[in-house]
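Turn these sequences into a full structure, and let the hints steer you where they fit.
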Amino acid sequence: MTEQATTTFADVTRVEEIAPGRFTAEAHPEWTIGGKPNGGYLLAILGAAASRSAAHQDVLAASAHYLRAPKPGPVEVAVEVLRAGRSASQARARLTQDDTPCVEAMFTLGALTADTEPYWSAGAPEPQGREYAGCVPVTGPAGGGTGPVIMDQIDLRIQPEDLAFGRGTPTGAGVLRGWLGLPGGADFDPLSLLYAVDAFPPATMDIVLTGWVPTLELTAYVRALPAPGPVRVLHKAQLIEGGRVDEACFVWDSRGRLVAQATQLAGIRLDPPA
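Just so we're aligned: the sequence shown equals residues 1 to 274 in full-length UniProt numbering.
These are computed hints drawn from the structure, not numbers from a lab.
Beta carbons are placed, not taken as given, at the ideal position from N, Cα and C, and that holds for glycine.
Within a straight-line C-alpha distance of at most 30 Å, the following computed DSSO-like cross-link-like pairs (lysine-lysine) qualify:
hint: 1; residue 1: Lys71; residue 2: Lys36
hint: 2; residue 1: Lys71; residue 2: Lys236
hint: 3; residue 1: Lys236; residue 2: Lys36
Label-pair distances were calculated between CB atoms; the ranges are:
hint: 4; residue 1: Ala111; residue 2: Arg167; range: 45 to 51 Å
hint: 5; residue 1: Gly242; residue 2: Asp187; range: 35 to 41 Å
hint: 6; residue 1: Gly134; residue 2: Leu265; range: 27 to 33 Å
hint: 7; residue 1: Ala111; residue 2: Thr263; range: 21 to 27 Å
hint: 8; residue 1: Thr169; residue 2: Arg92; range: 41 to 47 Å
hint: 9; residue 1: Glu161; residue 2: Gln57; range: 36 to 42 Å
hint: 10; residue 1: Gly242; residue 2: Thr169; range: 22 to 28 Å
hint: 11; residue 1: Thr24; residue 2: Ser121; range: 39 to 45 Å
hint: 12; residue 1: Thr219; residue 2: Ala111; range: 18 to 24 Å
hint: 13; residue 1: Thr219; residue 2: Ala19; range: 28 to 34 Å
hint: 14; residue 1: Gly168; residue 2: Tyr119; range: 42 to 48 Å
hint: 15; residue 1: Pro20; residue 2: Leu209; range: 46 to 52 Å
hint: 16; residue 1: Asp115; residue 2: Trp212; range: 37 to 43 Å
See below:
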(Lines of atoms letter the chains of each structure in order from A and count residues from 1; the text may use other names and numbers.)
(Lines give C-alpha, C1' and ligand atoms only; values in the text may rest on other atoms or scores of the structure.)
Protein backbone atom coordinates (compact mmCIF):
# COMPACT_ATOMS: atom_id res chain seq x y z
CA MET A 1 0.00 0.00 0.00
CA THR A 2 1.20 3.47 -0.85
CA GLU A 3 2.89 5.25 2.06
CA GLN A 4 1.62 8.66 0.93
CA ALA A 5 -2.10 8.08 1.48
CA THR A 6 -3.42 10.55 4.04
CA THR A 7 -7.14 9.79 3.92
CA THR A 8 -9.25 6.66 4.18
CA PHE A 9 -12.02 5.92 1.74
CA ALA A 10 -14.57 6.03 4.56
CA ASP A 11 -13.32 9.51 5.46
CA VAL A 12 -13.58 10.97 1.97
CA THR A 13 -17.05 9.52 1.28
CA ARG A 14 -18.62 10.42 4.62
CA VAL A 15 -21.97 12.21 4.44
CA GLU A 16 -23.71 14.19 7.18
CA GLU A 17 -27.49 14.36 7.30
CA ILE A 18 -28.74 17.93 7.77
CA ALA A 19 -32.44 17.18 7.16
CA PRO A 20 -34.45 14.14 6.05
CA GLY A 21 -33.11 13.23 2.61
CA ARG A 22 -30.51 16.03 2.60
CA PHE A 23 -26.81 15.54 3.20
CA THR A 24 -23.55 17.43 3.06
CA ALA A 25 -20.21 15.97 2.05
CA GLU A 26 -16.74 17.07 0.99
CA ALA A 27 -15.30 16.40 -2.45
CA HIS A 28 -11.76 15.79 -1.31
CA PRO A 29 -8.95 17.51 -3.28
CA GLU A 30 -6.73 14.41 -3.05
CA TRP A 31 -9.30 12.26 -4.87
CA THR A 32 -9.11 14.22 -8.11
CA ILE A 33 -7.68 13.91 -11.60
CA GLY A 34 -6.61 17.25 -13.06
CA GLY A 35 -8.46 18.97 -10.24
CA LYS A 36 -11.74 17.13 -10.95
CA PRO A 37 -13.11 14.47 -8.56
CA ASN A 38 -13.14 10.92 -9.94
CA GLY A 39 -16.58 9.80 -11.19
CA GLY A 40 -16.65 6.52 -9.27
CA TYR A 41 -15.63 8.35 -6.12
CA LEU A 42 -18.55 10.79 -6.54
CA LEU A 43 -20.90 7.85 -7.16
CA ALA A 44 -19.77 6.35 -3.84
CA ILE A 45 -20.68 9.60 -2.06
CA LEU A 46 -24.13 9.49 -3.64
CA GLY A 47 -24.42 5.82 -2.70
CA ALA A 48 -23.54 6.61 0.91
CA ALA A 49 -26.40 9.11 1.09
CA ALA A 50 -28.83 6.72 -0.64
CA SER A 51 -27.96 3.88 1.75
CA ARG A 52 -28.54 6.19 4.73
CA SER A 53 -32.00 7.09 3.40
CA ALA A 54 -33.41 3.79 2.13
CA ALA A 55 -34.75 0.79 4.02
CA HIS A 56 -31.96 -1.34 2.53
CA GLN A 57 -28.29 -0.42 2.98
CA ASP A 58 -26.32 -2.26 0.28
CA VAL A 59 -26.11 -0.78 -3.22
CA LEU A 60 -27.00 -3.45 -5.79
CA ALA A 61 -27.14 -1.27 -8.90
CA ALA A 62 -26.36 2.33 -9.69
CA SER A 63 -26.63 4.47 -12.81
CA ALA A 64 -25.16 7.96 -12.81
CA HIS A 65 -25.16 10.78 -15.35
CA TYR A 66 -22.38 13.33 -14.98
CA LEU A 67 -23.60 16.82 -15.81
CA ARG A 68 -20.52 18.79 -14.74
CA ALA A 69 -17.56 18.17 -12.46
CA PRO A 70 -17.77 19.78 -9.02
CA LYS A 71 -14.75 21.54 -7.61
CA PRO A 72 -13.05 20.07 -4.56
CA GLY A 73 -14.92 21.32 -1.54
CA PRO A 74 -18.39 21.17 0.01
CA VAL A 75 -21.20 19.50 -1.92
CA GLU A 76 -24.80 18.62 -1.09
CA VAL A 77 -26.72 15.43 -1.86
CA ALA A 78 -30.51 15.21 -2.00
CA VAL A 79 -32.10 11.75 -1.89
CA GLU A 80 -35.66 10.79 -2.80
CA VAL A 81 -36.73 7.26 -1.87
CA LEU A 82 -38.98 6.08 -4.69
CA ARG A 83 -39.91 2.67 -3.33
CA ALA A 84 -39.27 0.55 -0.25
CA GLY A 85 -40.01 -3.11 -1.02
CA ARG A 86 -39.39 -6.28 0.96
CA SER A 87 -36.19 -7.26 -0.87
CA ALA A 88 -35.13 -4.01 -2.54
CA SER A 89 -35.50 -0.24 -2.38
CA GLN A 90 -35.10 2.33 -5.15
CA ALA A 91 -33.84 5.87 -4.65
CA ARG A 92 -32.85 8.88 -6.72
CA ALA A 93 -29.92 11.05 -5.64
CA ARG A 94 -28.59 14.37 -6.90
CA LEU A 95 -25.21 15.90 -6.04
CA THR A 96 -25.06 19.68 -6.28
CA GLN A 97 -22.53 22.40 -5.57
CA ASP A 98 -23.59 26.00 -5.07
CA ASP A 99 -27.12 24.94 -6.10
CA THR A 100 -25.79 23.69 -9.46
CA PRO A 101 -26.57 20.04 -10.37
CA CYS A 102 -23.40 18.00 -10.95
CA VAL A 103 -24.36 14.30 -10.83
CA GLU A 104 -27.75 12.56 -11.06
CA ALA A 105 -28.01 8.90 -10.03
CA MET A 106 -30.53 6.11 -9.55
CA PHE A 107 -29.93 3.31 -7.05
CA THR A 108 -31.40 -0.08 -6.29
CA LEU A 109 -30.48 -1.20 -2.78
CA GLY A 110 -30.86 -4.53 -1.04
CA ALA A 111 -28.93 -6.94 1.17
CA LEU A 112 -25.68 -8.57 0.06
CA THR A 113 -23.84 -11.51 1.60
CA ALA A 114 -20.27 -12.74 1.33
CA ASP A 115 -21.03 -16.45 1.06
CA THR A 116 -23.33 -16.62 -1.97
CA GLU A 117 -22.25 -18.75 -4.94
CA PRO A 118 -23.31 -18.18 -8.57
CA TYR A 119 -26.03 -20.47 -9.88
CA TRP A 120 -24.70 -19.86 -13.43
CA SER A 121 -21.71 -17.78 -14.48
CA ALA A 122 -20.75 -18.97 -17.98
CA GLY A 123 -21.58 -15.56 -19.46
CA ALA A 124 -19.09 -13.71 -17.24
CA PRO A 125 -15.35 -13.54 -17.90
CA GLU A 126 -12.98 -15.51 -15.72
CA PRO A 127 -10.39 -13.65 -13.61
CA GLN A 128 -7.61 -12.63 -15.96
CA GLY A 129 -3.97 -11.65 -15.68
CA ARG A 130 -1.12 -12.00 -13.25
CA GLU A 131 -1.35 -12.32 -9.51
CA TYR A 132 -0.84 -9.25 -7.31
CA ALA A 133 2.91 -9.78 -6.85
CA GLY A 134 3.45 -10.03 -10.60
CA CYS A 135 1.91 -6.65 -11.40
CA VAL A 136 3.71 -3.31 -11.57
CA PRO A 137 2.83 -0.52 -9.08
CA VAL A 138 1.80 2.61 -10.97
CA THR A 139 0.82 4.71 -7.95
CA GLY A 140 2.58 6.28 -5.01
CA PRO A 141 6.35 6.13 -4.39
CA ALA A 142 6.67 2.65 -5.94
CA GLY A 143 5.09 3.92 -9.14
CA GLY A 144 7.32 6.96 -9.46
CA GLY A 145 5.16 9.37 -7.48
CA THR A 146 3.97 11.42 -10.47
CA GLY A 147 0.54 11.70 -12.04
CA PRO A 148 -2.95 12.60 -10.76
CA VAL A 149 -3.04 13.21 -7.02
CA ILE A 150 -5.63 10.47 -6.55
CA MET A 151 -2.91 7.98 -7.47
CA ASP A 152 -1.09 8.83 -4.23
CA GLN A 153 -4.12 7.57 -2.27
CA ILE A 154 -4.53 4.09 -3.77
CA ASP A 155 -2.51 0.98 -4.54
CA LEU A 156 -3.00 0.41 -8.27
CA ARG A 157 -0.96 -2.23 -10.08
CA ILE A 158 -1.09 -3.16 -13.77
CA GLN A 159 0.42 -6.27 -15.28
CA PRO A 160 3.57 -5.49 -17.29
CA GLU A 161 2.16 -6.75 -20.60
CA ASP A 162 -0.49 -4.01 -20.46
CA LEU A 163 1.90 -1.13 -19.80
CA ALA A 164 3.24 -0.72 -23.34
CA PHE A 165 1.42 2.62 -23.58
CA GLY A 166 3.87 3.96 -20.99
CA ARG A 167 6.64 3.38 -23.52
CA GLY A 168 4.65 5.07 -26.28
CA THR A 169 3.78 1.76 -27.98
CA PRO A 170 0.17 0.83 -27.08
CA THR A 171 -0.77 -2.69 -28.18
CA GLY A 172 -4.15 -1.70 -29.64
CA ALA A 173 -5.98 -4.29 -27.53
CA GLY A 174 -7.56 -1.67 -25.26
CA VAL A 175 -7.24 -3.88 -22.18
CA LEU A 176 -5.78 -3.13 -18.74
CA ARG A 177 -5.49 -5.88 -16.11
CA GLY A 178 -4.25 -5.59 -12.56
CA TRP A 179 -5.13 -5.06 -8.91
CA LEU A 180 -6.50 -2.25 -6.74
CA GLY A 181 -6.10 -1.58 -3.02
CA LEU A 182 -7.61 1.09 -0.79
CA PRO A 183 -5.71 3.49 1.50
CA GLY A 184 -4.34 1.79 4.58
CA GLY A 185 -5.17 -1.63 3.18
CA ALA A 186 -8.86 -1.18 4.05
CA ASP A 187 -11.21 -3.89 2.83
CA PHE A 188 -13.67 -3.16 0.06
CA ASP A 189 -17.42 -2.86 0.65
CA PRO A 190 -20.37 -2.07 -1.67
CA LEU A 191 -19.62 1.67 -1.65
CA SER A 192 -15.90 1.38 -2.38
CA LEU A 193 -16.71 -1.09 -5.18
CA LEU A 194 -18.55 1.79 -6.88
CA TYR A 195 -15.19 3.52 -6.99
CA ALA A 196 -13.29 0.37 -7.99
CA VAL A 197 -15.17 0.07 -11.29
CA ASP A 198 -13.90 3.53 -12.29
CA ALA A 199 -10.46 3.52 -10.67
CA PHE A 200 -8.23 2.31 -13.50
CA PRO A 201 -6.80 4.62 -16.17
CA PRO A 202 -8.84 4.77 -19.39
CA ALA A 203 -8.36 1.53 -21.31
CA THR A 204 -8.07 3.70 -24.43
CA MET A 205 -4.49 4.42 -23.33
CA ASP A 206 -3.67 0.98 -24.75
CA ILE A 207 -5.13 2.09 -28.11
CA VAL A 208 -4.15 5.70 -28.78
CA LEU A 209 -2.77 8.68 -26.90
CA THR A 210 -5.64 10.97 -25.97
CA GLY A 211 -6.57 13.95 -23.92
CA TRP A 212 -9.08 13.85 -21.07
CA VAL A 213 -11.61 10.97 -21.15
CA PRO A 214 -14.53 12.34 -19.06
CA THR A 215 -17.28 9.95 -17.94
CA LEU A 216 -20.72 10.83 -19.30
CA GLU A 217 -22.68 7.89 -17.82
CA LEU A 218 -21.69 5.03 -15.52
CA THR A 219 -23.76 1.95 -14.67
CA ALA A 220 -22.49 -0.36 -11.93
CA TYR A 221 -23.68 -3.64 -10.42
CA VAL A 222 -22.48 -4.87 -7.03
CA ARG A 223 -22.87 -8.66 -6.92
CA ALA A 224 -21.60 -9.76 -3.49
CA LEU A 225 -19.75 -8.61 -0.39
CA PRO A 226 -16.05 -8.95 -1.22
CA ALA A 227 -13.56 -11.03 0.72
CA PRO A 228 -10.81 -9.08 2.52
CA GLY A 229 -7.86 -7.82 0.52
CA PRO A 230 -7.22 -6.04 -2.78
CA VAL A 231 -9.42 -6.68 -5.80
CA ARG A 232 -8.49 -7.89 -9.26
CA VAL A 233 -9.62 -5.63 -12.13
CA LEU A 234 -10.19 -6.14 -15.86
CA HIS A 235 -10.83 -2.84 -17.64
CA LYS A 236 -11.39 -2.78 -21.40
CA ALA A 237 -12.54 -0.46 -24.15
CA GLN A 238 -15.16 -1.77 -26.56
CA LEU A 239 -15.90 0.86 -29.22
CA ILE A 240 -14.56 4.32 -30.07
CA GLU A 241 -16.79 6.31 -32.39
CA GLY A 242 -18.05 9.85 -32.77
CA GLY A 243 -15.89 11.27 -30.00
CA ARG A 244 -17.17 8.73 -27.47
CA VAL A 245 -15.97 5.42 -26.08
CA ASP A 246 -17.66 2.73 -24.03
CA GLU A 247 -15.66 0.72 -21.51
CA ALA A 248 -16.45 -2.38 -19.47
CA CYS A 249 -14.96 -3.18 -16.07
CA PHE A 250 -15.03 -6.41 -14.04
CA VAL A 251 -13.88 -6.68 -10.43
CA TRP A 252 -13.07 -9.90 -8.55
CA ASP A 253 -12.26 -10.22 -4.86
CA SER A 254 -9.22 -12.01 -3.44
CA ARG A 255 -10.94 -15.40 -3.64
CA GLY A 256 -11.83 -14.97 -7.33
CA ARG A 257 -15.53 -14.11 -6.89
CA LEU A 258 -16.97 -11.54 -9.32
CA VAL A 259 -18.14 -8.82 -6.93
CA ALA A 260 -18.75 -5.83 -9.22
CA GLN A 261 -19.04 -4.93 -12.87
CA ALA A 262 -19.74 -1.76 -14.82
CA THR A 263 -20.08 -0.14 -18.20
CA GLN A 264 -19.54 3.51 -18.91
CA LEU A 265 -19.83 5.94 -21.79
CA ALA A 266 -17.11 8.57 -21.90
CA GLY A 267 -16.05 11.39 -24.16
CA ILE A 268 -12.69 11.00 -25.84
CA ARG A 269 -10.46 13.62 -27.43
CA LEU A 270 -8.23 11.92 -29.95
CA ASP A 271 -4.91 13.51 -30.77
CA PRO A 272 -4.94 15.14 -34.21
CA PRO A 273 -3.19 13.14 -36.95
CA ALA A 274 0.51 13.78 -37.19
